[in-house]
Amino acid sequence: MAGFEGKPDKFAELESMHPLNRLAEPSEIARFALMLATEAYFATGSTFYLDGGVLSRLHDPE
1 MAGFEGKPDK
11 FAELESMHPL
21 NRLAEPSEIA
31 RFALMLATEA
41 YFATGSTFYL
51 DGGVLSRLHD
61 PE
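Take the sequence shown: its position 14, counting from 1, is numbered 14 in this note's numbering, and each next residue is one higher.
Keep in mind that a hint or two might mislead.
To be verified - Result set (EDC-like, lysine to aspartate or glutamate): computed pairs, CA atoms no more than 20 Å apart in a straight line:
1. K7 x E28
2. K7 x E25
3. K10 x D51
Unchecked claim - The following label-pair restraints were derived from C-beta to C-beta distances:
4. P8 x A40: 38 to 46 Å
5. A24 x H59: 15 to 23 Å
6. K7 x Y41: 20 to 28 Å
7. A12 x M35: 13 to 21 Å
8. E25 x L58: 20 to 28 Å
9. T47 x P19: 16 to 24 Å
10. A33 x R57: 19 to 27 Å
11. E15 x F48: 16 to 24 Å
12. V54 x R31: 36 to 44 Å
13. E5 x T47: 17 to 25 Å
14. G3 x A30: 37 to 45 Å
Rather than coming from a laboratory, the hints here were simulated on the basis of the structure.
C-beta atoms are modelled at their ideal positions from N, C-alpha and C, and glycine is treated no differently.
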């Protein structure tokens with residue numbers, strides 16, 4: 001993956017911290033973009049996080 005050439009340990013570390021134990025493939029992001037571009041899509045004023053669940057790990061412990 002771009003930016004990780006010669007740094008396999010760093011790439012593995014990022015993957016292990018991810019809820020899905022992997023990073024997204026470019027095709028997964030592309031499929032989401034294509035879905036949003038269809039006329040049949042019925043979402044307005046929405047925010048979508050393509051983080052594979054990372055946001056669910058960020059919470060206030062209080």
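For each hint, the structure was consulted:
no., hint, result
1, K7 x E28, "violated, 23 Å"
2, K7 x E25, "holds, 18 Å"
3, K10 x D51, "holds, 18 Å"
4, P8 x A40: 38 to 46 Å, "holds, 41 Å"
5, A24 x H59: 15 to 23 Å, "holds, 22 Å"
6, K7 x Y41: 20 to 28 Å, "violated, 37 Å"
7, A12 x M35: 13 to 21 Å, "violated, 30 Å"
8, E25 x L58: 20 to 28 Å, "holds, 23 Å"
9, T47 x P19: 16 to 24 Å, "holds, 19 Å"
10, A33 x R57: 19 to 27 Å, "holds, 25 Å"
11, E15 x F48: 16 to 24 Å, "holds, 22 Å"
12, V54 x R31: 36 to 44 Å, "violated, 19 Å"
13, E5 x T47: 17 to 25 Å, "violated, 33 Å"
14, G3 x A30: 37 to 45 Å, "violated, 19 Å"
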